[in-house]
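Sequences and hints are given; from them, build the entire structure.
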Amino acid sequence: MNKNSTGRFTTRDLSFIGIIIALMYIVQTITILGISALTPIDPLKSIVSAFFVSIVIAIGLSKVKKIGTFTIIGLINGIICGFILPAFLPLLPATLLGGIAADGFTKIFFGEYGSRNSLLGACGVGKFMETLVILTFPFILGFSTNILSPMIIIVSAVIVALLGAGGGFIGYRISVELKKAGAME
307 MNKNSTGRFT TRDLSFIGII IALMYIVQTI TILGISALTP IDPLKSIVSA FFVSIVIAIG
367 LSKVKKIGTF TIIGLINGII CGFILPAFLP LLPATLLGGI AADGFTKIFF GEYGSRNSLL
427 GACGVGKFME TLVILTFPFI LGFSTNILSP MIIIVSAVIV ALLGAGGGFI GYRISVELKK
487 AGAME
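Note that the sequence shown ends on residue 491 in the working numbering; no numbers are left out.
You may find that some hints are simply not true.
[Unchecked claim] Lysine to any residue pairs mimicking SDA-like chemistry, simulated, CA-CA at most 20 angstroms apart:
id, residue 1, residue 2
1, K413, R314
2, K351, I386
3, K413, D319
4, K413, N423
5, K351, I336
6, K485, R318
7, K351, G472
8, K485, N423
9, K413, F315
10, K351, Q334
11, K351, F443
12, K351, T337
13, K413, I373
14, K486, R422
15, K486, I476
16, K351, I465
17, K485, D319
[Stated by the list, open to error] Computed spacing ranges between beta-carbons, pair by pair:
id, residue 1, residue 2, range
18, L344, L468, 18 to 28 angstroms
19, N423, K486, 17 to 27 angstroms
20, F315, K485, 13 to 23 angstroms
21, I460, E491, 37 to 47 angstroms
22, R314, A343, 40 to 50 angstroms
23, F443, I347, 19 to 29 angstroms
Worth flagging that the hints you see were computed from the coordinates, not collected in a lab.
In this text, a Cβ means the ideal position worked out from N, Cα and C, and glycines have one as well.
Here is the structure:
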């Protein structure tokens, strides 16, 4: 574990996380609008955006490397989404729990972010948890299982987790190239 990946978040770390979150929103907006123009299937927008958003998250995680980064990203992402679309309440707990799950997974298995496998695993676990929370929230409110069966929830979560891990891999490759070019530490 290197010195930069332990301890408190610096102002530089938090500023970079803010830039990553802003870039996430740009990528997410372009992806969702692009998919909306191509298909009328609403869930496909979120499924496809998981891949592209994970690329951006992985770049941020590979730079900051500190456990807690994914949780901060999830918290701020959920708060901003709540302001944009307050009718969709489960987004804050979903992104927050996704961040906590990803940070916990990385802490247990890798100790810090930065390695290829830590980024793949974190992005996959984070997106899996987010999808589970978002899709099971209607049951908590008393909606029937006829609307969304548990099997569809699990299959959707696995697909999103695989796309998240794929995005984590691409993000890792991009961060390696940025480091080689001297654009990122």
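Practice task
Starting from K351, check that the Cα of I465 is at most 20 angstroms away, please.
Solution key: It holds: about 13 angstroms lies between the C-alpha atoms, which stays within 20 angstroms.
Practice task
Could you check the hint for me, namely that F315 and K485 are 13 to 23 angstroms apart, CB to CB?
Solution key: holds, 20 angstroms
Exercise for the section: Below or equal to 20 angstroms on CA atoms is what counts here, so check K485 against D319. Expected result: holds, 16 angstroms
Exercise for the section: Assess, step by step, whether the Cα of K413 is no farther than 20 angstroms from the Cα of D319, and give holds or violated. Expected result: holds, 18 angstroms
Practice task
Assess, step by step, whether the Cα of K486 is no farther than 20 angstroms from the Cα of R422, and give holds or violated.
Solution key: Holds, at roughly 16 angstroms.
Handout entry: Proposed proximity, F315 with K413 (alpha carbon, max 20 angstroms)
Key = Holds: K413 and F315 sit about 16 angstroms apart, inside 20 angstroms.
Problem - 20 angstroms Cα cutoff - pair K485, R318 - result: holds, 17 angstroms
Exercise for the section: Measure nothing beyond the straight line between the CA atoms of K351 and I386; if it is 20 angstroms or shorter, mark the hint as holding. Expected result: The hint holds at about 19 angstroms.
Practice task
Take a look at whether the Cβ-Cβ distance between F443 and I347 falls inside 19 to 29 angstroms.
Solution key: holds, 20 angstroms
Exercise for the section: Below or equal to 20 angstroms on CA atoms is what counts here, so check K351 against T337. Expected result: holds, 7 angstroms
Exercise for the section: Given the range 18 to 28 angstroms, decide if the beta-carbon distance of L344 to L468 lies inside it. Expected result: The hinted range 18 to 28 angstroms holds for L344 and L468, with Cβ atoms some 21 angstroms apart.
Exercise for the section: With respect to the beta-carbon atoms only, verify the hint that N423 and K486 lie 17 to 27 angstroms apart. Expected result: holds, 20 angstroms
Consistency note: the structure conflicts with none of the earlier hints.
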